[in-house]
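Enquirer: For reference, the chains in residue letters:
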Amino acid sequence: MRRQERQTGLGRIIIAVYGIFALAATARAGYQIATEFSEAPVAYLLSALAAVVYIVATVALASRRPGSWRLSLAAVGFEFLGVVVVGVLSFAVPHLFAHPAVWSHFGSGYGYVPLVLPLVGLWWLVRHRDPAEVRTAAT
Amino acid sequence: MLASGFFIAGAVVCAVSVIVAVVATFARDYPDDIAILGVAAVELFLIVYGVAAGIRQAGGDPVSGELWEFWGYLLTALLIPVLAFWWAVTDKTRWSNLVLAAVGATVFVMLFRMEQIWHGGVLA
Numbered sequence: 170m171r172r173q174e175r176q177t178g179l180g181r182i183i184i185a186v187y188g189i190f191a192l193a194a195t196a197r198a199g200y201q202i203a204t205e206f207s208e209a210p211v212a213y214l215l216s217a218l219a220a221v222v223y224i225v226a227t228v229a230l231a232s233r234r235p236g237s238w239r240l241s242l243a244a245v246g247f248e249f250l251g252v253v254v255v256g257v258l259s260f261a262v263p264h265l266f267a268h269p270a271v272w273s274h275f276g277s278g279y280g281y282v283p284l285v286l287p288l289v290g291l292w293w294l295v296r297h298r299d300p301a302e303v304r305t306a307a308t
Numbered sequence: 008m009l010a011s012g013f014f015i016a017g018a019v020v021c022a023v024s025v026i027v028a029v030v031a032t033f034a035r036d037y038p039d040d041i042a043i044l045g046v047a048a049v050e051l052f053l054i055v056y057g058v059a060a061g062i063r064q065a066g067g068d069p070v071s072g073e074l075w076e077f078w079g080y081l082l083t084a085l086l087i088p089v090l091a092f093w094w095a096v097t098d099k100t101r102w103s104n105l106v107l108a109a110v111g112a113t114v115f116v117m118l119f120r121m122e123q124i125w126h127g128g129v130l131a
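Residue numbers (our numbering), protein chains in the order written: chain A, 170 to 308; chain B, 8 to 131.
Keep in mind that the hints were calculated from the coordinates and are not lab data.
One or more of the hints may lead you astray.
[To be verified] For the chain B half of the interface with chain A, some residues (derived, Cβ under 10 Å), not all of them:
{"hint": "1", "residue": "W94"}
{"hint": "2", "residue": "T97"}
{"hint": "3", "residue": "D98"}
{"hint": "4", "residue": "K99"}
{"hint": "5", "residue": "T100"}
{"hint": "6", "residue": "R101"}
{"hint": "7", "residue": "W102"}
{"hint": "8", "residue": "S103"}
{"hint": "9", "residue": "L105"}
{"hint": "10", "residue": "V106"}
{"hint": "11", "residue": "A109"}
[As the list claims (entries may be wrong)] Using C-beta positions, here's what the derived DEER-type ranges look like:
{"hint": "12", "chain 1": "B", "residue 1": "A112", "chain 2": "A", "residue 2": "F206", "range": "49 to 59 Å"}
{"hint": "13", "chain 1": "A", "residue 1": "P210", "chain 2": "B", "residue 2": "V116", "range": "29 to 39 Å"}
{"hint": "14", "chain 1": "B", "residue 1": "L74", "chain 2": "A", "residue 2": "A301", "range": "50 to 60 Å"}
{"hint": "15", "chain 1": "B", "residue 1": "L90", "chain 2": "A", "residue 2": "R233", "range": "21 to 31 Å"}
{"hint": "16", "chain 1": "B", "residue 1": "L74", "chain 2": "A", "residue 2": "R233", "range": "37 to 47 Å"}
{"hint": "17", "chain 1": "A", "residue 1": "G246", "chain 2": "B", "residue 2": "E76", "range": "49 to 59 Å"}
{"hint": "18", "chain 1": "B", "residue 1": "G79", "chain 2": "A", "residue 2": "E205", "range": "20 to 30 Å"}
{"hint": "19", "chain 1": "A", "residue 1": "V221", "chain 2": "B", "residue 2": "G61", "range": "41 to 51 Å"}
{"hint": "20", "chain 1": "A", "residue 1": "L240", "chain 2": "B", "residue 2": "S11", "range": "44 to 54 Å"}
{"hint": "21", "chain 1": "B", "residue 1": "L130", "chain 2": "A", "residue 2": "F247", "range": "41 to 51 Å"}
{"hint": "22", "chain 1": "B", "residue 1": "G72", "chain 2": "A", "residue 2": "E205", "range": "24 to 34 Å"}
{"hint": "23", "chain 1": "B", "residue 1": "A16", "chain 2": "A", "residue 2": "L240", "range": "40 to 50 Å"}
{"hint": "24", "chain 1": "B", "residue 1": "R63", "chain 2": "A", "residue 2": "G246", "range": "51 to 61 Å"}
{"hint": "25", "chain 1": "A", "residue 1": "L192", "chain 2": "B", "residue 2": "A112", "range": "12 to 22 Å"}
In this text, all values refer to a predicted model and were calculated from it rather than measured experimentally.
Don't be surprised by glycine CBs; every beta carbon is placed ideally from N, CA and C.
Go ahead and model the full structure; you've got the sequences and the hints to work with.
Expert: Structure representation (structure tokens):
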């Protein structure tokens with residue numbers, strides 16, 4: 170019962186928001202790398218990394234296969250680290266981030282959703298721990 | 008000048024739909040019937056708006072922006088209540104009410120954009 174709950178209700182909304190970000194970040198990073206890559210290569214490569222992380226997180230969150238809970242935790246955790254590190258870097262070395270990217274300035278260009286989303290995701294994953302994976306970890 | 012009657016009517020329908028669905032998110036642990044009727048009302052409004060826009064634009068009422076952009080917004084907006092209804096049918100939890108609440112908010116923004124494209128501004 171608990172296993173199914175991870176993908177329903179608020180969990181389903183979280184998966185949908187991750188899906189939208191995966192789509193938006195991929196389209197934006199692809200467009201920026203194709204047209205103006207030389208203007209801010211670091212920012213755009215990090216945008217591409219963000220896109221990949223969002224894709225992995227979306228698939229892992231939606232998946233019911235064994236191991237998907239741990240993969241989602243890793244992806245969402247990495248996402249949170251990424252937002253914080255890139256956010257700090259964009260203020261510390263602004264010349265590397267001359268153009269806005271998904272995670273720069275803590276996701277301010279996306280209404281700070283990139284900063285809040287991983288926190289909601291981590292809270293949700295901790296509340297909906299996969300019992301099978303908790304057993305394997307304990308033994 | 009005042010906003011068009013269609014814009015005011017659409018804004019009221021969207022607002023009522025959002026309020027009902029947000030209340031339902033707190034009050035119900037399943038998708039509320041009235042919240043579903045709310046997105047149905049939004050869909051009905053969009054159909055009437057689309058038919059009226061088609062008749063008026065065919066009769067010579069000019070679109071100040073891009074024609075394809077107006078109709079692109081309208082066709083996309085028409086899908087949103089349908090998708091949310093499908094969501095509520097397939098996920099019978101409290102949180103489907105929040106998805107239904109997002110419909111009115113999203114459609115309102117799109118209606119605002121459509122009025123801008125059609126008349127060059129909401130108050131024009």
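Enquirer: So, for every hint listed, does it hold in this structure?
Expert: Status of the hints after comparison with the structure:
Using the Cβ-Cβ criterion of 10 Å, the hint placing W94(B) at the interface with chain A is satisfied: the shortest such distance is roughly 8 Å. Annotation: interface hint on T97(B) holds; nearest CB of chain A at approximately 9 Å, less than 10 Å. Satisfaction of the interface hint for D98(B) is found here, the shortest Cβ-Cβ separation to chain A being roughly 5 Å, below the 10 Å cut-off. Interface hint status for K99(B): upheld, as the beta-carbon distance to the closest one in chain A is roughly 9 Å, under 10 Å.
Restraint check, T100(B) versus chain A: the minimum CB separation of about 4 Å is within 10 Å; hint holds. This hint holds: R101(B) has a C-beta 7 Å from the nearest C-beta of chain A, less than the 10 Å allowed. A distance limit of 10 Å between C-beta atoms decides the matter here; for W102(B) the minimum to chain A is near 4 Å, and the interface restraint holds. Of the supplied interface hints, the one on S103(B) holds, with its beta-carbon coming within about 8 Å of a beta-carbon of chain A, less than 10 Å.
With its C-beta approaching chain A no nearer than about 7 Å, L105(B) sits inside the 10 Å limit, and its interface hint holds. Among the interface hints, the one on V106(B) holds; its C-beta lies about 6 Å from the nearest C-beta in chain A, closer than the 10 Å criterion. Taken as an interface hint, A109(B) checks out: its beta carbon lies about 9 Å from the nearest beta carbon of chain A, inside 10 Å. Look at A112(B) against F206(A): about 35 Å separates their beta carbons, and that is not inside 49 to 59 Å.
Between P210(A) and V116(B) the beta carbons are some 34 Å apart, a value that agrees with the proposed interval 29 to 39 Å. Distance hint check for L74(B) and A301(A): the Cβ-Cβ separation is about 55 Å, which falls inside the suggested range of 50 to 60 Å. A hinted range of 21 to 31 Å holds for the C-beta pair L90(B) and R233(A), which are about 22 Å apart. Take L74(B) and R233(A): their Cβ atoms lie about 45 Å apart, and the range 37 to 47 Å holds.
Range check, G246(A) to E76(B): about 40 Å between beta-carbon atoms, so the 49 to 59 Å window is missed. Checked against the hint of 20 to 30 Å, the C-beta distance between G79(B) and E205(A) comes to roughly 26 Å, which is consistent with it. A hinted range of 41 to 51 Å holds for the C-beta pair V221(A) and G61(B), which are about 43 Å apart. A hinted range of 44 to 54 Å holds for the C-beta pair L240(A) and S11(B), which are about 50 Å apart.
Taking the beta carbon of each, L130(B) and F247(A) are about 47 Å apart, inside 41 to 51 Å as hinted. Taking 24 to 34 Å as the suggested C-beta distance range, the pair G72(B) and E205(A) conforms, at roughly 26 Å. The hinted range of 40 to 50 Å is satisfied by A16(B) and L240(A), whose Cβ atoms lie roughly 48 Å apart. Between R63(B) and G246(A) the Cβ separation comes to about 53 Å, which falls inside the hinted range of 51 to 61 Å.
Separation of L192(A) from A112(B) is about 20 Å and conforms to the stated range, judged on CB atoms against 12 to 22 Å.
The structure fails hints 12 and 17 (numbered hints given earlier, in ascending order).
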